Amino acid sequence: MTTSNYATERETTEGKVFTVTGGDWDSVVSGTDPINDERIVVNMGPQHPSTHGVLRLVLELEGETVREARSVIGYLHTGIEKNLEYRTWVQGSTFVTRMDYLAPLFNETAYSLAVEKLLGITDDITERANTIRVLMMELNRISSHLVWLATTGMELGAISIMLYGFREREYILEIFELITGLRMNHAYVRPGGVAQDVPDDAIIKIRELLALLPKRLKEYEDLLSGQPIWTERTKNVAVLDVTACLALGVTGPVLRSAGLAWDLRKTMPYCGYETYEFDVPTHTGGDVWGRYQVRLAEIRESMKIVEQAVDRLAKPGPVMVADRKIAWPAQLAIGVDGMGNSLEHVAKIMGQSMESLIHHFKLVTEGFRVPPGQVYVGIESPRGELGVHAVSDGGTRPYRVHYREPSFVNLQALPAMAEGGLIADVIAGGASLDPVMGGCDR
Amino acid sequence: MTSPHDKPNGGGVPVPVTPAGATSGAPAEHPPSSPAGRGMFGNQGSGDVSGFGGLVRPRQPITGASRPFGSYFDEVHDALEEAYPGFADAIEKVVVDRGELTLHVRPERIAEVCQVMRDDLALRFELCSSVSGVDYLGADERRLHVVYQLTSMTYRRRVRLEAAVPAENPHLPSVTATYPTADWQEREAYDMFGIVFDGHPNLTRILMPDDWEGHPQRKDYPLGGVPVEYKGAEIPPPDKRRSYQ
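Here the protein sequences come in this chain order: A and B.
Quick note on the UniProt record's numbering: the first sequence kicks off at 1 and runs consecutively.
Quick note on the UniProt record's numbering: the second sequence kicks off at 1 and runs consecutively.
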């Protein structure tokens, strides 16, 4: 074949070059294409630093080009949905907070909104409780996007941004610790409101963060945006347009980076988001660069919301519904040995009021009853639409709770992004989806 | 350890009973009541001295909605009726509850209905937000329900489609041709409930290991777990603890 009259060959520094003058193209090409015989299947993961947790990618490679990509998930499946069916409705919030561990407050809020809708008390949630929820969610959005920035930077070779991103996130986690008692897995947002009020020192710390963060964000942009390696690795990489996003169900920053300003906070508001002033950042590139720009802009928008929420907290008020059959009888208090029931309340139920003791006991052990039926609630998590489908049988436990996890749904788009590109871009594309496997596998 | 096929004894796991509701062929509205007062404190049947253990609370039945449905529901209903010739045959029941519209669809029609829901200009449900299963064991002869949450970005509306299939023949068409995003979600419903979506490109397990037996989120599949000792007392696993109706 190489001696064919139709294709004369000559050696160059780049390898053999054929000048094809006609004839049987297939045999000319297949007989001399060494790459074709070297299709290999590579298992990336489940233990691989660049796959954001225990995600396994099966890649079929031709040289460095990805021909087929399939993702394998389930390595972090913990059966949270099934476990919820054996706990009370309030205990549920301690489980769901552990799903997407970078956005625990979103999991809790979505769950609480669903339970409240089943109970029919959505309108009874106090203004202050809603403000605190919004405040906590937006702080959480900032911390989640910072982790995205940190890990994606690291995966694309920018180690310093990893350290900086985690440093600022740590600052937000300290605020969470002040307010909820825990850095992660808070179980702070509960059906009916939130577990306890925001202490004053947390407000001071949030104001410090608001003063600090703009400077730091500018530093990150200076560090990354103008850097040729960063732009080369992100621009026109892993492109997904609006059509592909909708077909594959991709929502959140990835959809907005393609140009569709779909944000549930604006389009289907909840928790009073319609009363806050903020913009929905979009980009038209649909590539990793666009997602980077959208997420940075979203951090700035979240800061606007946090600022407005903090201002509103100046007005005191209850943080739980007034219904004594749902709200626990007393706020928790911080003691020397950590958080627990307030001592006044303990003194009352143990010393003065037997009825209060019975009521407290029944509410904590049995829980409240939720009228039968089903609801679906969707909120905008840092990764997209986080939906909760909750079914009640009228009892004290959830009959079924299903989480529509944006990590799970968005990860389906990975083959569409990766196939036909370079293997290095699989990492960039996968990271730009920001999958959190704890949420994906549940 | 309990194997998936052990009969659950006690705990909050409902045991299979003769389907009570929905023998007329219509899908069940809500799950069966969970058994009361089962679990670690014993007293099965007779004497829970508190008097609350065996109390059966009345439950408000959710009946099929009648016109006007309110909100945008009438518009969606009419648009679907106009655009889809098989409407009368395909839609078993319309339910409006807690401000949400649920259309109960005959399972073999679900793919067609989804196609119309997405393509018709007056409906335009571009996004299939979620597909999941629910097991109505004991309340419905067709106990496995598949629930589709559709979102119209154009009109900012949500609609729930629900299709019920029996466990003996858990087949219904896949909607992946209309909504490719349903791919993994249908695989999850297959994995967890054993619902078979005909026409799905690759219906394999997704969260559980490939060689797993049984479908873990079915109601007759026990939670499992071992008792733990705490300060001399034995604490039973969660599904063996006392439950309240």
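By construction, these hints were calculated from the structure, which means they are not laboratory data.
Treat each hint with caution, since some may be false.
Unchecked claim - Straight-line Cα separation of at most 30 Å, DSSO-like style, residue types lysine-lysine; simulated pairs:
hint, chain 1, residue 1, chain 2, residue 2
1, B, Lys93, A, Lys348
2, A, Lys215, A, Lys304
3, A, Lys205, A, Lys235
4, B, Lys231, A, Lys362
5, A, Lys235, A, Lys325
6, A, Lys362, A, Lys304
7, A, Lys348, A, Lys325
8, A, Lys362, A, Lys82
9, A, Lys304, A, Lys218
10, A, Lys215, B, Lys231
11, A, Lys325, A, Lys304
12, A, Lys82, B, Lys93
Note that this is a predicted model, so its numbers are computed, not measured.
A quick look at each hint next to the structure:
no.	hint	result
1	B:Lys93 - A:Lys348	violated (52 Å)
2	A:Lys215 - A:Lys304	holds (15 Å)
3	A:Lys205 - A:Lys235	violated (37 Å)
4	B:Lys231 - A:Lys362	holds (24 Å)
5	A:Lys235 - A:Lys325	violated (55 Å)
6	A:Lys362 - A:Lys304	violated (42 Å)
7	A:Lys348 - A:Lys325	holds (18 Å)
8	A:Lys362 - A:Lys82	holds (24 Å)
9	A:Lys304 - A:Lys218	holds (16 Å)
10	A:Lys215 - B:Lys231	violated (53 Å)
11	A:Lys325 - A:Lys304	violated (36 Å)
12	A:Lys82 - B:Lys93	holds (29 Å)
The structure does not agree with the numbered hints 1, 3, 5, 6, 10, 11 stated previously, though it agrees with the rest.
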